[in-house]
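> As you go down the protein sequences, you meet chains A and B in turn.
Residue 1 is where the first sequence starts when you use my numbering, and the numbers rise one by one after that.
Residue 1 is where the second sequence starts when you use my numbering, and the numbers rise one by one after that.
The reader is advised that the hints may include incorrect statements.
[Unchecked claim] Chain B is nowhere near these chain A residues, computed Cβ spacing over 12 Å in every case:
1. Pro48
2. Glu62
3. Glu76
4. Ala82
5. Asp95
6. Pro98
7. Glu130
[Said to hold, decoys possible] Distance ranges between label pairs, derived from CB positions:
8. A/Arg79 to B/Arg99: 41 to 47 Å
9. A/Arg127 to B/Lys115: 25 to 31 Å
10. A/Glu76 to B/Lys132: 37 to 43 Å
11. A/Glu62 to B/Gly94: 28 to 34 Å
12. B/Leu71 to A/Glu130: 21 to 27 Å
13. B/Asp52 to A/Glu38: 54 to 60 Å
14. B/Asp75 to A/Val26: 51 to 57 Å
15. B/Tyr100 to A/Asp56: 31 to 37 Å
16. B/Asp108 to A/Tyr36: 45 to 51 Å
17. B/Asp72 to A/Lys128: 32 to 38 Å
18. B/Asn70 to A/Glu42: 43 to 49 Å
19. A/Asp73 to B/Tyr100: 36 to 42 Å
Think of the hints as simulated: they come from the structure by calculation, not from any bench.
Ideal Cβ placement from N, Cα and C applies to all residues, glycine included.
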Amino acid sequence: MSEKNELSTSKPNAGASTSLQVRPGVVYKPKYQSRYSENAWEVTVSLPGVVKDHLDVTAENEILEIRATRLLDVPEGWRPLADYPAEKNYRLRLDVGPEVDPSGISARLEDGVLTLELPLREEVKPRKIEVK
Amino acid sequence: MKMIRYNDPTNYYNDWDSFFADPFRAFAPLFTPRTTSAFTKPEHEVEWYEDDERFYARVELSGVAKKALNLDAEDGLVRLSYEKAVHRGEDSGGEKFERYLRTPEGTDEAGITAKLENGILDLTFPKTPERKPVSIKVS
């Protein structure tokens with residue numbers, strides 16, 4: 001999974017049946033990394049300040065979509081020294097291809113990093129062939 | 001063999017004919033409104049705030065555990081040194097990083113405090129008495 005697999009086009013309301021809609025305004029593409037093993041892909045997405053309630057991960061038609069909103073409470077009395085957005089929206093769409101088993105995808109959010117485990121389908125996993 | 005010059009269809013600057021036919025098309029990306037771009041790089045990795053007593057810096061620092069982060073303040077700079085997991089292809093492992101933040105003027109370095117939660121580091125810089133606002137009596 002590399003940069004080129006990523007969809008550069010965006011449909012603002014595609015798959016918007018979930019509770020987290022894309023709000024008007026700037027949407028950031030989060031930084032992400034991927035690595036692979038024999039059995040699975042692992043994608044880590046940097047989402048600083050995002051909590052579980054404001055994170056939405058969907059897999060549909062071989063596209064993995066991550067939408068997140070960072071809503072940080074600014075304590076009372078803090079005066080911003082520049083114009084910062086009250087919320088930060090993140091969106092990432094990854095073309096994971098047919099080899100990933102969508103029912104087995106698992107996600108974990110820790111220290112502002114979302115880790116996705118994308119297991120490969122049995123039929124595409126490497127197998128050892130016995131020589132008779 | 002006949003040589004045909006290759007025209008890269010994505011590069012308007014190489015294609016003189018189309019450039020003169022529609023000279024402003026080449027600059028269209030500059031005028032595309034920001035809101036229509038779904039993918040923009042994060043702008044504010046550090047946000048600064050203040051109140052009468054302190055300055056606050058809110059730093060995006062995802063993927064860093066509390067125990068993997070070291071902070072020191074010296075000569076007007078706060079050094080953030082941390083270890084973070086990096087994945088590239090089949091390789092993965094911890095990599096060391098360093099970032100610096102300028103300490104705001106008129107603050108007490110010894111009194112800096114920090115809190116790390118969900119990939120956001122909040123730093124607090126107490127202002128020195130000279131820097132705090134003074135209320136002026138009207139006689």
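> Of the numbered hints stated previously, which ones are contradicted by the structure, given in increasing order?
1, 3, 4, 8, 9, 10, 12, 14, 17, 18, 19
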